[in-house]
Amino acid sequence: MRILRLTWAVAVNSFSESVRHRFFTLFSVFAFTAIYASVLAGVMAVDQEARVLTDFGLALMELTALAFAIFNAASVLPKEAETKTIYLVFSRPVPRGVYLAGKLAGSLLTSALMLAVMGAMHLLLLKVRGFGVPPCYGWALAGSMLKLCVITSFAFFVSLFSTSAVSTMVISGVVWTAGHFASETRFLADQSAGVKSAGLKAAMWLIPNLQLFNARDLSGAACSIAPPAFLSAAAWVGGSYLAALWLISKKEF
Amino acid sequence: MSTNAVSFTGVEKTYRRPGLLRAAYNTAVKDLSFEIRAGEVTGLLGLNGAGKTTIMKLLTGLLFPTAGRVRVFGHAPSEGAAKGKVGFLPELPYFPPQVKPGEALSYYGRLSGLSGAGLALAVREAIERTGLEPHAGKRVSEFSKGMLQRLGLAQALLHRPELLVLDEPVSGLDPLAIHDIRGLLAGLNAEGRTVFLSSHSISEVEKLADRVLIMVKGRLAATVDRARWEAAPGGLEAIFVEAVR
Amino acid sequence: MARSALPLAALLAWAVGAAVSNSCYRSPFPPPSEIRTPVAGAAGDMFSLAFGLRRLFADVWFIRLMQYYGTPEFCEHEEEEPSAHAHHHCGINGEGKYPQFLARSRHVVEIDPGFRMAALYGAGSLAFNMGRPAEARELLVYALKYSPREWKYLNVLAAIGYSKAEDPAAVAALIAPILKDPDCPVMLKQQAAFLNKKIGNYSAAAAIYADIAATSRDLAYVRNAERELEKLLRKPPARPGRG
Numbered sequence: 001m002r003i004l005r006l007t008w009a010v011a012v013n014s015f016s017e018s019v020r021h022r023f024f025t026l027f028s029v030f031a032f033t034a035i036y037a038s039v040l041a042g043v044m045a046v047d048q049e050a051r052v053l054t055d056f057g058l059a060l061m062e063l064t065a066l067a068f069a070i071f072n073a074a075s076v077l078p079k080e081a082e083t084k085t086i087y088l089v090f091s092r093p094v095p096r097g098v099y100l101a102g103k104l105a106g107s108l109l110t111s112a113l114m115l116a117v118m119g120a121m122h123l124l125l126l127k128v129r130g131f132g133v134p135p136c137y138g139w140a141l142a143g144s145m146l147k148l149c150v151i152t153s154f155a156f157f158v159s160l161f162s163t164s165a166v167s168t169m170v171i172s173g174v175v176w177t178a179g180h181f182a183s184e185t186r187f188l189a190d191q192s193a194g195v196k197s198a199g200l201k202a203a204m205w206l207i208p209n210l211q212l213f214n215a216r217d218l219s220g221a222a223c224s225i226a227p228p229a230f231l232s233a234a235a236w237v238g239g240s241y242l243a244a245l246w247l248i249s250k251k252e253f
Numbered sequence: 001m002s003t004n005a006v007s008f009t010g011v012e013k014t015y016r017r018p019g020l021l022r023a024a025y026n027t028a029v030k031d032l033s034f035e036i037r038a039g040e041v042t043g044l045l046g047l048n049g050a051g052k053t054t055i056m057k058l059l060t061g062l063l064f065p066t067a068g069r070v071r072v073f074g075h076a077p078s079e080g081a082a083k084g085k086v087g088f089l090p091e092l093p094y095f096p097p098q099v100k101p102g103e104a105l106s107y108y109g110r111l112s113g114l115s116g117a118g119l120a121l122a123v124r125e126a127i128e129r130t131g132l133e134p135h136a137g138k139r140v141s142e143f144s145k146g147m148l149q150r151l152g153l154a155q156a157l158l159h160r161p162e163l164l165v166l167d168e169p170v171s172g173l174d175p176l177a178i179h180d181i182r183g184l185l186a187g188l189n190a191e192g193r194t195v196f197l198s199s200h201s202i203s204e205v206e207k208l209a210d211r212v213l214i215m216v217k218g219r220l221a222a223t224v225d226r227a228r229w230e231a232a233p234g235g236l237e238a239i240f241v242e243a244v245r
Numbered sequence: 001m002a003r004s005a006l007p008l009a010a011l012l013a014w015a016v017g018a019a020v021s022n023s024c025y026r027s028p029f030p031p032p033s034e035i036r037t038p039v040a041g042a043a044g045d046m047f048s049l050a051f052g053l054r055r056l057f058a059d060v061w062f063i064r065l066m067q068y069y070g071t072p073e074f075c076e077h078e079e080e081e082p083s084a085h086a087h088h089h090c091g092i093n094g095e096g097k098y099p100q101f102l103a104r105s106r107h108v109v110e111i112d113p114g115f116r117m118a119a120l121y122g123a124g125s126l127a128f129n130m131g132r133p134a135e136a137r138e139l140l141v142y143a144l145k146y147s148p149r150e151w152k153y154l155n156v157l158a159a160i161g162y163s164k165a166e167d168p169a170a171v172a173a174l175i176a177p178i179l180k181d182p183d184c185p186v187m188l189k190q191q192a193a194f195l196n197k198k199i200g201n202y203s204a205a206a207a208i209y210a211d212i213a214a215t216s217r218d219l220a221y222v223r224n225a226e227r228e229l230e231k232l233l234r235k236p237p238a239r240p241g242r243g
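Chains as they are written, first to last, in the numbering used here: chain A, 1 to 253; chain B, 1 to 245; chain C, 1 to 243.
Rather than coming from a laboratory, the hints here were simulated on the basis of the structure. Warning: the hint list may mix true and false statements.
Covered stretches of chain A, going by a simulated chain C footprint (3 or more residues, C-beta under 8 Å) [as the list claims (entries may be wrong)]:
#	region
1	25-32
2	114-128
Label-pair distances were calculated between CB atoms; the ranges are [what the hints assert, rightly or not]:
#	chain 1	residue 1	chain 2	residue 2	range
3	A	Ser197	C	Cys24	20 to 26 Å
4	A	Tyr36	B	Ala81	52 to 58 Å
5	B	Ala81	A	Trp139	32 to 38 Å
6	A	Trp205	B	Thr27	38 to 44 Å
No residue lacks a Cβ here, since even glycine has one placed at the ideal position from N, Cα and C.
Full structure from sequences and hints, please.
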């Protein structure tokens, strides 16, 4: 109970700091502008306007939330160490694992809020253009959130050993793109042999398959996210968290 | 129950800085042994790089000793039992500029295990004791250095710690703020709290401390009691200068 | 928790995530070897795969396809008489050569095989506007590979067969069920209306034109539907028959 209370306290603090941070406002403005710009593309698609508006909106929302999530995850721990805020936390009876979990939860809560706000803006935009809620919209957002959970926790882990926030962002960005190549990697692994095949198969174990959560790119009845995907997401988040905990428990400030 | 609030036994701390080809090592403190008795005010003096901040961080579990043993009320500094009894004021504490003192203190109070009415009371008391009441409605961004230092002290007092570890508590403050903080620390000590403070200001340490540890290049050069420096011609300053030369 | 146990636990958790993913994930998309980029667009395709934005980039390719198809072609006689300034545009009503049309429409389906409307639009245009039923069939056969139970593809395939046999009534009958589907391209609706008009089934044709006028956002189709509706209203009622 005490652990949960502490985790919640860190999470709420992290969340409110992120929301107050000007980057959040900037990204919200950006998202709104970007979604509005997609209306122009929708007009070009004439009878496919609803589809184009939906696809543009969902993609931009995910990329905006991704940019914020990676930036936030890459900078939050180094910034707390740099400003010595972490001294005030770790000189108290706060286990390092609790602090890490709270910071991660705060970051994910921020991403969830960001997606929710942008989603509401997007749906409003669709309504203004005369369209209803697109099919699978909820699953698409859930999938984006799962992807953000995986990449945010990974960025937290990387931020604990990388030399700068920029390198954390670059590494996380590479994993994000490689994670979307999972099906192509599998195909190439099956087509090749020897060292190449072994290397590709190793990549399939090392890089999280983000296509698993990409409900946004699916349509019809097949767009729902299967329960094993949630298990995979939980395992990857847990793996990153444990690896980050290992690093932070050894870290001196 | 230990009568020593703090004990260092043969403590060494070597920093390792990874390099391209080989790591660089720097020993900040070496073969360090001392005790701080519960209820006393102990000062830590030394030139820049003497190892004062390293000792403070070893004491609060922010650093781990390379060798030797550190104990706080009989526990390792990283244990919750030790941390619950320590209030730490780092040098130049940072608070998010957009928050008000009450919000910042509530957060740190929660981290110290306080909640509900107990938390509200602790925040109010800490604000009153540090003289922040007139500034309670301001944001941290509007605070002067002295007010920030008071806020830093307030967060260290929230959970009524038995040991206060203060790194340069009066550094850069105006005379009135120094006077107020000195009075506050004296009051806390009168309540039975142990105070361990580092400072560059010999006169401040002289006014507050019962005992002073003088560090020279990572080693404990001298331990001086109040009776000794009061009896010495030139006081604590003369003893310090002699020790560091 | 022992510190040494943490990296092992992390690796174990990561392996569980990968094992579950590897066992349950089957890609619904064509493998990279099937993606043929028809014009300079490899970077876009790479971006679509790298960021999981297949639908968005399929939309972009579809818009490009419509722009390509909407750009009038010059007739062959212009090339024969280069000095002549009287340019004559072909393809205003969808006729024309558009040699890249199959490759471009197939590419949309390669990127997003779930984009059924694009496949129907491409196949319908190839078969009914440009008179290239073999290419239309090729496109639909490819689309069916990733949506094997898509009845609309099967119906259009059959309609193409009847079209070749010059049986407009059968073509219209096969297209009819698709018209109510939200995936039905307006071009196919117009084709159905035209076929119904051709066989004398004016009420069905009028209903389809009215639907186009009410639901389409493409002004060219809407205006055409309104014109046709006006003409149909002036016609005396006729019994449907094979034309």
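Checked hints:
no., hint, result
1, 25-32, "violated (count 0)"
2, 114-128, "violated (count 0)"
3, Ser197/A with Cys24/C: 20 to 26 Å, "holds, 22 Å"
4, Tyr36/A with Ala81/B: 52 to 58 Å, "holds, 57 Å"
5, Ala81/B with Trp139/A: 32 to 38 Å, "violated, 48 Å"
6, Trp205/A with Thr27/B: 38 to 44 Å, "holds, 43 Å"
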